[in-house]
Amino acid sequence: MNRILVWDWPVRIGHWLLVGAFALAWLTGDSETWRRIHVWAGGTLVGVVLFRLLWGLVGTRHARFARFVRGPAAVKAYLLGLFTHPRAEQPGHNPAGGWAIVALLSLGLLTGVSGWLTDQEIGGEWLEEAHEALASTMLTVVFLHVIGVLIGSLAHGENLVRAMFTGRKRGDADAAIVNARPFAVPLLLACAAVCAWWLAR
Amino acid sequence: MKALIPVMLGLFAVAAQAATPNEILAGYRAEAAKHNPRYQPSAELGAQFYTRLFSASAKMPSCSSCHGDDPSRSGSHVVTGKAIGPLAPGANAERFTDPAKVEKWFRRNCGEVLGRACSAAEKADLIAFLMRGR
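Top to bottom, those sequences are chains A and B. Here this note's numbering is used: position 198 in the first sequence is 198, and no number is missing along the way. Counting from 1 along the second sequence, just add 201 to a position and that's the residue number in this note's numbering.
Simulated from the structure, these hints should not be mistaken for lab results. There could be a bad hint or two in this list.
Said to hold, decoys possible - Derived list of chain B stretches under chain A, where covered just means 3 residues or more per stretch with a C-beta under 8 Å from a C-beta of chain A: (1) 219 to 229; (2) 257 to 263.
What the hints assert, rightly or not - Not close to chain A: a few residues of chain B, all C-beta gaps over 12 Å, as computed: (3) C267; (4) P287; (5) A301; (6) R317.
Just so you know, these numbers come straight off a predicted model, no measurement behind them. All C-beta atoms, glycine included, are put in the ideal place defined by N, C-alpha and C.
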């Protein structure tokens, strides 16, 4: 079976921007010296998440929430199916991975907003505690996501990390996306930059 | 049912986590005494510690860099520019009432300003100084 294009450019660039922004924000979180960098990283993350929420409505087909957000029954069937027919095609997100995306986007937004309110000194100490708890929860989901990707890669016999760079996965030609939409990348970058600037003011 | 009451009281105690500066000082004192049985908290040493210049951070060489020379008054953070309420419990009733918060900020600030963790004796001396005032 051929490799087909499934992840468009904004999905891929956005994914690695989130990885970088979250890592930077996590590493600088406890430091006052790096506080402004921390806020810029968080602002960038919120900008990418907001773009991704919009892209989940108007993006290419495997990027759309309607395509990959599935009910609990589908998740259960998928996870059980990993043992019985692991080579079954998953051209886009698999049903379990879809929920990791939803959780990470929600946690990213909540962590960013609670962090911004704390930085603006609105909300007080409970919000600072909430910010830290949300960030820790997000790191936990990041680990679950990475473990899921490794299991999925082994089960499906396909390097899913590489797919997030190349955009290509194994699948039927009719599951491919036609256009990788590179023209939307500047919009993504602008959204991230404006959000970072505005939230870090 | 009666057997549950002490358990529930214990849970409430954990949930509240409220303490007085004296209790928090006593905790660090007891910890320091494990290493040196004759240890007594010293406000004098705490005062010296508060303004001592360390070399881990160019912008924040001492506690007083951000908390101000007088801990009974508000400080201003040298990096973020944010106002910091008085550190002395006599001027700010919230200070040193939540052991977890105290530990969190000792961990962060000692790491950044001293470049290492503070000892229990350093913490006890500092709290003794902050409770006495300058």
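Status of each hint after checking the structure:
1. 219 to 229: Check failed, 0 qualifying residues.
2. 257 to 263: As far as the stretch 257 to 263 of chain B goes, the hint holds, because 3 residues have Cβ atoms under 8 Å from chain A.
3. C267: violated (8 Å)
4. P287: P287/B clear of chain A: closest Cβ-Cβ about 16 Å, beyond 12 Å.
5. A301: It is violated; A301/B is separated from chain A by about 10 Å at its closest Cβ, not greater than 12 Å.
6. R317: holds (15 Å)
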